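Trainee: Residues per chain are reported as follows:
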Amino acid sequence: MSLDLDQVRRIASLARIRLKESELGQAQAELNGILGWIEQLQAVDTDGIEPMAGGGAVALRPRPDAVTDGGQAERVLANAPDRQGEYFGVPKVVE
Amino acid sequence: MSYTLEGRTGTWEIVCGLEVHAQVTSQSKLFSGAATAFGASPNSQVSFIDAGFPGMLPVINQECVAQAVRTGLGLNAEIHLWSRFDRKNYFYADLPQGYQISQFAHPIVGTGTVEITLADGSTKPIGITRLHLEQDAGKSLHDQHPQKSFIDLNRSGVALMEIVSEADIRSPEEAGAYLTKLRQILRYLGTCDGNMDEGSMRADVNVSVRRAGEPYRTRCEVKNVNSIRFVMQAVEAEARRQIEVWEEGGEVQQETRLFDTGRGVTRSMRSKEDAHDYRYFPDPDLPPLVLDAAWVESLKAALPELPDARRARYAAMGLSPYDAHVLTLEKETAAFFEAVAQGRDAKTVANWVTGDFFAALNRTGHDIGSSPVGAAGLAELLDLIADKTINGKIAKDVLALMFETGEGATAIVDARGLRQVVDTGAIEAAIEAVMAANAGKVAEYRSGKDKLFGFFVGQVMKAMQGKGNPALVNDVLKQKLG
Amino acid sequence: MHPTDFTLRGAIDALSEGIISSVELTSAHLDAIAKLNPRLNAYISVTGEQALAQARASDARRAEGTAGPLDGVPLAIKDLFCTAGTRTTAGSRILGNFTPPYESTVSANLLRDGAVFLGKANLDEFAMGSSNTTSAFGPVENPWSRRNDPETRLVPGGSSGGSAAAVAARLALGATATDTGGSIRQPAAFCGIAGIKPTYGRCSRFGIVAFASSLDQAGPVARTVEDCAILLRSMAGFDPKDSTSADVPVPDFGAACARGVKGLRIGVPKEYRLDGTPPEIAALWEQGLAWLRAQGAETVEISLPHTQYALPTYYIVAPAEASSNLARYDGVRFGLRVTEPGSDLKDLYERTRAEGFGAEVRRRILIGTYVLSAGYYDAYYLKAQKIRALIKRDFDEAFRTVDAIVTPATPSAAFGMDEKQDDPVKMYLNDVFTVTANLAGLPGLAVPAGLDGQGLPLGLQVIGRAFDEETVFAVGAAIEHAADFTALPALRAGI
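Chains as they are written, first to last, in the UniProt record's numbering: chain F, 1 to 95; chain G, 1 to 482; chain S, 1 to 495.
Wrong hints could be hidden among the right ones.
Lysine-lysine pairs mimicking DSS-like chemistry, simulated, CA-CA at most 30 Å apart [stated by the list, open to error]:
1) G:K478 - F:K20
2) S:K346 - S:K270
3) G:K139 - S:K270
4) G:K451 - G:K478
5) G:K300 - G:K393
6) G:K88 - S:K270
7) F:K20 - G:K88
8) G:K223 - G:K331
9) G:K396 - G:K478
10) S:K270 - F:K20
11) G:K441 - G:K393
12) G:K331 - F:K92
13) G:K139 - S:K426
14) G:K388 - G:K300
15) G:K449 - G:K467
16) G:K347 - F:K92
17) G:K139 - S:K392
18) G:K223 - F:K92
19) S:K346 - G:K223
20) F:K92 - S:K426
21) G:K181 - G:K148
22) S:K426 - S:K270
23) G:K300 - G:K396
24) G:K467 - G:K393
25) S:K346 - G:K139
Quick caveat, the hints were computed from the structure, so don't treat them as lab data. Since the model is a prediction, treat every value here as computed from it, not as a measurement.
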């Protein structure tokens, strides 16, 4: 499978990474290089194999339902690039 | 007869399924220890987990899992002892992690059923496809600044149950009845407060239309409708829109729409820039959720009585289907009824609760939680009727006074001398006075005008300021009038 | 002897015997950093004042008799660990001046045991790299150089290149590091030091900037196997804040180093004999096995048949998880934000992420986005997860008959800063021997075992059963003992 320029554009858009038109060609070549190398996996017989999703633990360990966090708006907002009073600011969103 | 819509070219049927997002009742969030209370100041109930800070990891809340299981049991659904959380990836200003933790491939609850009751008294089962746990997003405020949206993450990470129905709904009424019933069940279970004004329950409405006997046509999803009434309106508005599109030779495009409550129409969402590709995959921060069958059994054993069972029990107590329905709509009402009915005649109590008591609540703008007259107060009043201290007529006035003054029934009756008169001497005296003053009417009655009996009862009661024992008054009057 | 020449174990002994104070030890390291860091660039941030304050507090605790197991020991912290009040960069522009208000569990455990933090060690951006050339704060230089070509500056390996270079050059007694595909073991091998990636779940990931959650594990690098064992004992432990953290006791890893290898069965996977492996590496591997046999171990050939698929599998799983983990860097709540007048939200995201992430990170996010996207998930991500299961099964099978596996740590010695930069896949091949342990979640230790013809260090790798780091340490210490690795890098403190 090899990506065309439109696919590269769409992936970049999904990933929210701006690629200039002049960068698309190189990105396409690099991605196709990696994908071509990955392609060898298709040769492996994986019929009936359960996919391995995670690393270790077999089950979640639920925590008790108690309020142990929050109440720290100042700390939450302290690193914000555009703090608007008690809120984070972003360019206006139209729904 | 089934519900249909008439188009220009013929008759159409609605096909509808609902995805209801119900906020789980819990102290803290699904994956963090921040509080869930409504109405807190902006960003004050936010952990660094909820705000998607670097290196933060989710840890699941036991109670949220229990609430999902209880809800599944309440929906007669299958509980999956093995489920898993996936990430749903998309960018949005109020989605701090850049993904929502949800259950895509392996939900905690599988198929179930809800039985709805329609206005004509008929019932219909609506299938439940699944229920899964997921995180809520934060809130964007668009009206605080001319060029900016403001983000409040208090809701971010609050546990939601997404309850997906089968496409079994065929009319706005059924959609309304389904939501009403679902809300009732959740409130009985205590797993969601069902408070739609505060956003605790929201519905995505999937609607398509078809001609009788056809397979499904393309559906549209109307997002985030936040009241039962609006859901009913949205179903109809969207169905009518689609009928028009089809009838004009067009094709309905699968898309996400919004319901404009002001204009009563749906409109396409402007922000759907690129077709969504959520890139679901198992969340590597969260091993599978494995439930112990014995624990599920213990939750099942501790479930409260649900509306259907309670309604059946009330019917068996002799209540009318209507009273049984009304009294079980809200868990609080049913509890109130049962508290009053304890050791009293259920039918009489039901009449009082659904009649004068509800009327008084309405008149005074209270609900059962804030009512100035509690179950004990109403019981005291009903006991005064039962032991003939007052009659029913006077009791209505006493109830009004109880609401007005907050005083108890006995105190009001005593202070105002409202005890009914059972002294036959006094009753005879009053009757004789009325007969003397209405000699003509007495003659007419005696000549066969039976209907006048009511007139005499009224006059006697009036003369006794309503305090006469109605049965005694009747007996003595009959005697005296011959 | 210069204070920076202590091993970590030696420093602990010297501190407890009153031979040296933590302030003296810390000052000596800070002086060395001031002298050498401008050249090596091993530290992104040096927190000298804080380090001295911690050292003074440590000396006071020692005087009171309340010193912890690592009290007064100066360490470098990979700048992927969030440190409360100290800027944390992950080697990226996108974090801007992000200063976490919280401490990672691993660094908190070290502080609990009395450690002194000298500063934040350089790394490949978001730990993505094998050369430490992708850091937004400039490349790290390997303190070693080729005997016949001392002018060529070499990479320290990556992603924990700053940690490894700092320890090798004696700018710290030890350092925290993380390993997603080889990021502890490969730089340790390139810099002639030891490093262990413990079993997945052994160290909490809480507060570590995530790269690929199902593969990331924290571990130490230090100049000896025992030093690694001492550090790991402090770093490790169950943490309820990480749902993937293992609720198992932490044994005395240091004691395990002295166990010896008598009677152990050591697996030698035939699939690790790759075409094109330099003969020196093949020879060192043989030598290592001979050392172990000489100490009473038995070596047996084993097969790990899916080895060749491990790297491409890794390059699906890791970028996929990374593409999601790095979605939170969006210029809204912290870090860099890049906008133009009139930018809408999408434009803000796209500019911020294009300028905030470097080329390798962007590349991996794009690959990861693609392999998860609709229509390709089954062919790539699901397939990779199944092969991952097969790779784990290979190890499960092997560990039915052997107690540990020994392999080369890397397919080459450290290379020049300008080499292998043109082709991403060529760079990825650095992790060919290490990545399998990440995919299977197993502990892997790199131990320096010899020099190549250019005088550059080469390492061997010991892989063990899940949660059996003790055997790994025993085997590693046995190799270390036999190798008697005493060579020193050209650039180092104290000369």
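Trainee: Next, verify each hint and record whether it holds.
Mentor: Hints versus structure:
For the proposed pair K478 (chain G) and K20 (chain F), the alpha carbon gap of about 103 Å is over 30 Å, so the pair is violated. Our distance criterion of 30 Å between C-alpha atoms is broken by K346 (chain S) and K270 (chain S), whose separation comes to about 51 Å. The hinted pair formed by K139 (chain G) and K270 (chain S) fails the criterion: a straight-line CA distance of about 57 Å is larger than 30 Å. Between K451 (chain G) and K478 (chain G), the direct Cα distance comes to roughly 13 Å. Compliance with the 30 Å bound is thereby established for this hinted pair.
Between K300 (chain G) and K393 (chain G), the direct Cα distance comes to roughly 46 Å. Violation of the 30 Å bound is thereby established for this hinted pair. For the hint pairing K88 (chain G) with K270 (chain S), the CA-to-CA distance comes to about 41 Å; that exceeds 30 Å, so the pair is violated. Note on K20 (chain F) and K88 (chain G): the hinted pairing holds, with a Cα-Cα distance of about 27 Å set against a maximum of 30 Å. The hinted pair formed by K223 (chain G) and K331 (chain G) meets the criterion: a straight-line CA distance of about 29 Å does not exceed 30 Å.
Simply put, K396 (chain G) and K478 (chain G) have alpha-carbon atoms about 26 Å apart, close enough for the 30 Å limit, and the pair holds. For the proposed pair K270 (chain S) and K20 (chain F), the alpha carbon gap of about 46 Å is over 30 Å, so the pair is violated. Using a Cα cut-off of 30 Å, the hinted pair K441 (chain G) and K393 (chain G) holds, with the two alpha carbons roughly 25 Å apart. The suggested pairing of K331 (chain G) with K92 (chain F) is violated, with an alpha-carbon distance near 43 Å, which exceeds 30 Å.
Restraint check for K139 (chain G) and K426 (chain S): the C-alpha separation of about 45 Å exceeds 30 Å, so the hint is violated. Between K388 (chain G) and K300 (chain G) the CA atoms are separated by roughly 45 Å; this puts the pair beyond 30 Å, and the hint is violated. Distance hint between K449 (chain G) and K467 (chain G) is fulfilled; the C-alpha atoms sit about 27 Å from each other, no more than 30 Å. Straight-line distance between C-alpha atoms of K347 (chain G) and K92 (chain F) comes to about 59 Å, which puts the hinted pair past the 30 Å bound.
Taking the CA atoms of K139 (chain G) and K392 (chain S), the gap is about 43 Å. The hint is violated against a cut of 30 Å. Taken as a hint, the K223 (chain G) and K92 (chain F) pair is honoured in the structure, with Cα atoms around 20 Å apart against an allowance of 30 Å. Restraint check for K346 (chain S) and K223 (chain G): satisfied, since their Cα atoms lie roughly 21 Å apart, inside the 30 Å limit. Between K92 (chain F) and K426 (chain S) the CA atoms are separated by roughly 44 Å; this puts the pair beyond 30 Å, and the hint is violated.
Straight-line distance between C-alpha atoms of K181 (chain G) and K148 (chain G) comes to about 40 Å, which puts the hinted pair past the 30 Å bound. At roughly 22 Å between alpha-carbon atoms, K426 (chain S) and K270 (chain S) fall within 30 Å of each other, so this suggested pair holds. Of the supplied pair hints, the one linking K300 (chain G) and K396 (chain G) is violated, its CA atoms being roughly 43 Å apart against a limit of 30 Å. This hinted pair checks out: K467 (chain G) and K393 (chain G) have alpha carbons roughly 9 Å apart, not beyond 30 Å.
A C-alpha spacing of about 18 Å is found between K346 (chain S) and K139 (chain G), which places the hinted pair at or below 30 Å, so the restraint holds.
Consistency note: the structure conflicts with the earlier hints numbered 1, 2, 3, 5, 6, 10, 12, 13, 14, 16, 17, 20, 21 and 23.
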